[in-house]
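For chain Z, the structure is supplied; the task is to place chain A on it using the hints.
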Amino acid sequence: MVYGRNLFKLIIIKIMNVSTKKEAIILSSDHNQFNENKLSTEYIIIVQNLEKSFNSVKAVDGISLKVRKGELFSLLGPNGAGKSTTIRMLTTVLKPSNGDARIAEYSLIKEKDKIKPFIGVCPQENVVFEALTAEDNVEFVGRMHGMNTDDIKERTKILLEKMNIAGRKKSAKSFSGGMKRRLNIVMSLINQPQILFLDEPSAGLDPQARRLVWDFIKDLKKTGMTIILTTHDMIEADVLSDHIAIMDHGKIIAFGTVNELKSNSNNGNILEFSFSSRKELIQAKNRLEQITDVKNITEMENNKLIISFTGGVKTLKNEILGKIESFKTLHFREDSLEDIFLKLTGRGLRD
Amino acid sequence: MSTIDLKAWYIAKKNIKEKLKNYSSMFWTIAFPIMMLIVYKLAFSADDGSYLINGLTTFDVEFPGIVVYTIGISCVTSAVMFSMSKKDGTLERIDAMPVSRGNVFLGAVISEGVFMNLQIILIYLFGYGILGAHFELAMMPIGYLIALIYGIASIGLGLIIASFLNSPEGANGIAMLSHMCLMFVSGSFFPLDNVSVFFTPQYWVKQVYLQLTVVGDSFSDLLYSGTIITPTSVATFFPIWSGILMILAFAAIFIILGIRIFQKKTTL
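From first to last, the protein sequence lines are chains Z and A. At position 157 of the first sequence (counting the first as 1) the number is 157 in this note's numbering, and the numbers step up by one without a gap. At position 142 of the second sequence (counting the first as 1) the number is 1142 in this note's numbering, and the numbers step up by one without a gap.
Isolated chain A (complex conformation):
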């Protein structure tokens, strides 16, 4: 059973129905990011923007951090989903049916993808539409795509976590802990000008997204070394397109590792 077919869609459909009825999961997926967005807006509303470049406010520059946070939640929801399927026996039940694990993984990516799209649309509506975050329209499609690729990386990370944990509560805790730690270490929440940021996918996603869709840089421009763009920030020798390659590499590594480890741990 190595083929991928229409069954992946039916698995995705089932996952979506299950998630829609899981209210705590829906809160983390949709309500919490919107709440964070409002908190950020209120926190930075008094900022005069004097230390930022091109007249951008702190809220404008921090908005990509909210996008990274929101999409990164997929790590938590996918970790919970996969560990739950291990605990309640549904994974074993599916294994006894003529359906490949490829379909199971693709089904999860499709269903999570549906919610990711919903999250991005809602965040855009709230952030850009209602709260007035600055954006460069021409670069928005690529920003959208970067967010989705990062979402796939997050599903991979969730799979890795679920591989080692049978309890959905444990998976929820560990995934949330790792997500929050990475958010701080990458400087996605608050500025952190440290070399450690380069080892987190969140840094690359936030920085590339920020420079393309907020600052309006082009692919060939250099990335800034810091996680917030100020007049004192120093540009690295990395061009922005190499940042996109890093995001793709992180996504590929996480999803491949996730599938491999999950397969190894759950193939009895």
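This is chain Z alone, in the form it adopts within the complex:
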């Protein structure tokens, strides 16, 4: 009875998944090519063979990418993948060891000072002047961008209100981590940058604040601002990004829209089993290994098993569920960004 009800649910989900796949866009095949003519009209950032080495360690290993004007581009990767180093190079604070980038039509190597007025940077750490108030912090950044008093006041008020930190007269030292994070974002926006670099903007935020930041980023995108985001939060990347580049060991190992990455992963469908005991899990695993349509089996904590398989509902009904005698729960879902990420970057812990 339970088996029949679950199967019905799975069929409904499967039908819905098929319809969402229609939205998939063709993978941008030209992201590694450098085309000067397209630069001013289509791309605001073109990175070509960018490298950064620290002694003998290559933190960024010859990456090339293009970012369209007005898009939200995410750099996704595990810790130590080279995301932040890439951002630090693109924001002119770190000199590349090799390669170049054109940002807002200027060369990163030869004209980095001309790039600075066009960009806003929200670093990974909460970089605020702790002894100053939120308003003083934002005003200081505005002054550094050569803004006048009226513009600074007007824009500071709007931004602080949007980020829910307006009217606080105490120094930033007394702010919570989340408030400092939001203040960081405001500081990066005071100069109305054409390109905004957000290095893990929602790190350390509670779910409410994270939603606030996401909504804010979505609103920014609507204004035509180009946003470069680094994150290892899959949901964040999924929700916000137009294009995603997955980085690991200093290289870009995958690129595309979320749907493109999913459709190109060849993971098929995902089933998550949980079992009452380890004995049950081992039995099920042994049987699943004999099914040719099962592509990948991963053991998780708490007697959980995640499998990816091809063949859709037919395989599920005839092959998989026919061979698994007992399980506690079963969850069927489409391949997620996290699955793709783990498939590409592996499960080993990073620094």
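These aren't lab readings, by the way, just hints derived from the structure by calculation. Keep in mind the model is a prediction, meaning the values are calculated, not measured. Incorrect hints may have been included.
Over the 10 angstroms line for every Cβ pair with chain Z, so calculated as not near, a few chain A residues [claimed, not checked]:
hint	residue
1	Tyr1010
2	Asn1022
3	Ile1034
4	Leu1056
5	Ile1110
6	Met1139
7	Val1195
8	Ser1196
9	Ser1220
10	Phe1238
11	Leu1248
To give a feel for the contact side, a few chain Z residues facing chain A, derived at Cβ under 10 angstroms [as the list claims (entries may be wrong)]:
hint	residue
12	Arg88
13	Val93
14	Asn98
15	Pro117
16	Ile291
Yeah, the Cβ is synthetic: ideal placement off N, Cα and C, and Gly gets one too.
Just chain A now, kept in the frame of chain Z:
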């Protein structure tokens, strides 16, 4: 971004606001020198002045040492400020904005300069006004200027220390250690008639300041070789104006070296 403009003033304004809210820094800047002044006054109050020249008391002669100590604290505060900016990422944040390092350095000199002036005024008020240290009024402006130039040298030394240390705690410790060592080696705290004194900026500052503003010598008079003026002190062949040149040279060397080393160490 090599130009210096109004942004230096905004950086200075920010630095001043930050420092005013840093109570430990304010203690070292203002309260500690006043405390030292009172301790010196109490320690030397029983002195009959019999071994000194022109009727000057030990407190009168040691007062320039307090001025040197007070202004030299800028080495500690600037080392802490710059190492903190490296550690907390604010320097990198400023680097990503359209503002030159020249503005950052000038901003630091302006903000430290504001506190230096405040320190000198307070020390003068306490030392001359309340505790009655002897001074020659005509030479006071030049004494004030010497103190400020030495302050710039101290900022340079602080920059050099901050270049090698990322932790403000470490910078604080090393800067304070070097400042105190130089104070003793230069004979600024206690008399030290040794050739090593010539290699410290503190010696030249104290000696020139002492002879001009306390003893009332003129620029062309000779410097004494010792760090305290007694009837047995021997005059060198250096005139006082050459001492001023030495102070300027130390200030120039320290600030140029400081900027160069800091730039080299922090330009990634």
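If you test the structure against every hint from before, which numbers come out violated? Of the numbered hints, 1, 2, 14, 16 do not hold.
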